[in-house]
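Enquirer: Chain by chain, the residues:
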Amino acid sequence: MGLVMPNPGTIIWMLIIFGVVLFILKKFAWKPILNALKEREESIATALNSAEEAKKEVAGLKADNEKIIIEARREKDAILKEAKELKEKIIAEAKEKAGLETQKSIDQARLQIQAEKNSAINDIKKQVAELSIMIAEKVIKKQLAGKGEQEKMVDGLIDDIKLN
Amino acid sequence: MLKLTKRVFIVLVLSLLSFGPLQAQHGKEEEHAEAVESHGSESHEPEEFNAGEFVIEHVSDAYDWHITSWGETHISIPLPVIVYSKHPELHDGQAFHVFMSSKFNHGHDAYKGFRISESEEFKGKIVELDEQGHELGKPIDLSLTKAVAGALVSVVILLWLVFSVAGAAKRNKGKAPTGIQNLFEPVILFIRDEVAKPAIGEHKYEKFMPFLLTIFFFILINNFMGLIPIVPFGANVTGNISVTMVLALFTFFITTINGNKHYWKEIYWPDVPVWLKFPLFPLMQVVEFSGMLTKPFVLMVRLFANMLAGHMIVTVFVSLIFIFASLFSPAVGLAASPVSIAFSVFILLLDVLVSFIQAYVFTLLSALYFGMATSEHH
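In the order they appear, the protein sequences are chains A and B.
All the letters of the first sequence, read from the start, carry residue numbers 1 to 164 under our numbering.
All the letters of the second sequence, read from the start, carry residue numbers 1 to 378 under our numbering.
Extracted from the complex, chain A is given alone in its bound form (with noise of 0.2 Å):
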């Protein structure tokens, strides 16, 4: 029975040993001891979120830099494109103006060639009837040369009035 009957005196004295035990451990050991695994584990987590954050950040910003050059590229593309047309605006137009000037001075010149010639042809025209006036007059005195066709062509204008 010696070894299931509990003793008092030792129950006693176990009372007070656990009990300061437990007070002692409670008040100056388990306290910091959870406190810094609590502490610690805090800081592991806030550490792994910073981490992930930057993480995300850094993927963002990534994604960010590509947009960018996506962007630039395309704003390359639309500027060569455009400087493109420009110049192909330009080249159009200076060939307009280019046709135009010389459809221009074509002109000018067909007209002046239009001019000369008019002046030419008067003066052809004039010379033709000098000449003519020269050969009717040389004609004329041959054909006036004696008395009576003379007087015939007298009377013949005179008849002429005449019947008029």
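Honestly, the hints are just simulated from the structure, not real lab data.
Please note that a few of the clues may not be correct.
Unchecked claim - Cut-off 20 Å, straight-line C-alpha distance, at most; resulting in silico cross-link-like pairs (SDA-like, lysine to any residue):
1) A/LYS38 to B/LEU183
2) A/LYS31 to B/LEU189
3) A/LYS26 to B/GLU185
4) B/LYS173 to A/PRO6
5) B/LYS170 to A/ILE44
6) B/LYS138 to A/ILE11
7) A/LYS27 to B/ILE75
8) B/LYS295 to A/ILE11
9) A/LYS27 to B/PHE163
10) B/LYS170 to A/PRO32
11) A/LYS38 to B/THR178
12) A/LYS31 to B/ASN172
13) A/LYS38 to B/LYS170
14) B/LYS175 to A/PRO6
15) A/LYS27 to B/LYS204
16) A/LYS26 to B/LYS295
17) B/LYS173 to A/ARG40
18) B/LYS173 to A/ALA45
19) A/LYS31 to B/LYS138
20) B/LYS138 to A/PRO6
21) A/LYS31 to B/ARG192
22) A/LYS27 to B/GLY167
23) A/LYS31 to B/ASN182
24) A/LYS26 to B/ARG192
Got chain A; can you put chain B on it based on the hints?
Expert: Positioned in the frame of chain A, the structure of chain B alone reads:
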């Protein structure tokens, strides 16, 4: 593993019960005979080895801490005896006595009217004697026995370990743990995350953590110290029913103090229809109330029986050597020694496992009881 230990324990207890008393009686007769024959002479016949007594002596509490015996010379550490007499007139009018247990000369002598009883009723306990030397009964005995001394040694080690961990925790605030901190922190986290949180709940567990940690490490260290067979370790502390009773009482009182309305309602006025309640009115309440008491009782007995069994088996296997030696010849005992030592080592290793399991089970069940006492609904 537990079952195995328990089975071995049962077998051993049965075998002890069957031949223990016979052996004891036999021993006593012999002692008497010896006392009659060679009273006062120094030349005793070498006492025959009594395995039952040997084992029981090893696991029971004692007033001194026995180290070894060499022939008839007993070497032991005396421990303080503190007694408060119920018959001060027999002790020169003084009621309160403090002296070292060495005054009893290993139970052979009486001192100041006290002696360690050898009678059937008070065997092994301090009794008061009247003038004629008859036993009057036990005084109020507050002696610092072997179990208490062993517990004190363990407590010193426990405090040293835990305080070095606490120191390291303070030193390494916000840094990686170092040294012994690495050994303790996983266990502390295990108790917190696997025992306290699931059993008590996320919001209320913090209040009980110091007690759960203290009881776990107290039981564990005491279990381990009990396995080391060298003084100042090896005292059977957690295999002492008074010790386990105190631990269970702490659990019981903390459960009772923290019991909320719901806990008491479950016991005395559970949520069942009234017409069902009345036929069993006083009976159910009595059953529930006894359930409240059996919980710590079971805690007490489980730890006590497991640790006692471990100690007993180891001692039995060691004593096999002497049983064989005394039954046949010392040569047979010597031949049996490797086997029994191998068995002892096996059981000791098993006991290391059991030490962990019992500390864990005690802590887990305490946590579950706290959880029951503080839960709000099913």
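Enquirer: Now tell me if each hint is right for this structure.
Expert: Comparing the hints with the structure gives:
1. Of the pairs offered as hints, the one joining A/LYS38 and B/LEU183 holds, with about 17 Å between alpha carbons and a cut-off of 20 Å not exceeded.
2. In summary, the hint linking A/LYS31 to B/LEU189 is supported, as the alpha carbons are separated by about 14 Å, within the 20 Å threshold.
3. A C-alpha spacing of about 16 Å is found between A/LYS26 and B/GLU185, which places the hinted pair at or below 20 Å, so the restraint holds.
4. Taking the CA atoms of B/LYS173 and A/PRO6, the gap is near 44 Å; set against the 20 Å cutoff, the hint is violated.
5. A C-alpha spacing of about 17 Å is found between B/LYS170 and A/ILE44, which places the hinted pair at or below 20 Å, so the restraint holds.
6. Proposed proximity of B/LYS138 and A/ILE11 is supported: the alpha carbons are some 16 Å apart, at most 20 Å.
7. For the given pair, A/LYS27 sits about 40 Å from B/ILE75 by alpha-carbon distance, which is inconsistent with the 20 Å threshold.
8. With a CA separation close to 19 Å, the supplied pair B/LYS295 and A/ILE11 stays within the 20 Å bound.
9. The suggested pairing of A/LYS27 with B/PHE163 holds, with an alpha-carbon distance near 11 Å, which does not exceed 20 Å.
10. For the suggested pair B/LYS170 and A/PRO32, the alpha carbons sit about 7 Å apart, so the restraint of at most 20 Å is met.
11. Of the pairs offered as hints, the one joining A/LYS38 and B/THR178 holds, with about 16 Å between alpha carbons and a cut-off of 20 Å not exceeded.
12. Note on A/LYS31 and B/ASN172: the hinted pairing holds, with a Cα-Cα distance of about 15 Å set against a maximum of 20 Å.
13. Distance hint between A/LYS38 and B/LYS170 is fulfilled; the C-alpha atoms sit about 13 Å from each other, no more than 20 Å.
14. Proximity of B/LYS175 to A/PRO6 is assessed by CA-CA distance (about 47 Å); at most 20 Å being required, the pair is judged violated.
15. At most 20 Å may separate the alpha-carbon atoms for a hinted pair to count; A/LYS27 and B/LYS204 meet this at roughly 18 Å.
16. Straight-line distance between C-alpha atoms of A/LYS26 and B/LYS295 comes to about 25 Å, which puts the hinted pair past the 20 Å bound.
17. Taking the CA atoms of B/LYS173 and A/ARG40, the gap is near 8 Å; set against the 20 Å cutoff, the hint holds.
18. The straight-line distance between the Cα atoms of B/LYS173 and A/ALA45 is roughly 15 Å, inside the 20 Å bound, and the hint therefore holds.
19. Restraint check for A/LYS31 and B/LYS138: not satisfied, since their Cα atoms lie roughly 43 Å apart, outside the 20 Å limit.
20. A C-alpha spacing of about 14 Å is found between B/LYS138 and A/PRO6, which places the hinted pair at or below 20 Å, so the restraint holds.
21. With a CA separation close to 13 Å, the supplied pair A/LYS31 and B/ARG192 stays within the 20 Å bound.
22. Among the hinted pairs, A/LYS27 with B/GLY167 is consistent with the structure: their alpha-carbon atoms are about 13 Å apart, no more than 20 Å.
23. Between A/LYS31 and B/ASN182, the direct Cα distance comes to roughly 17 Å. Compliance with the 20 Å bound is thereby established for this hinted pair.
24. At roughly 15 Å between alpha-carbon atoms, A/LYS26 and B/ARG192 fall within 20 Å of each other, so this suggested pair holds.
Taken one by one, the earlier hints fail for this structure at numbers 4, 7, 14, 16, 19, listed in ascending order.
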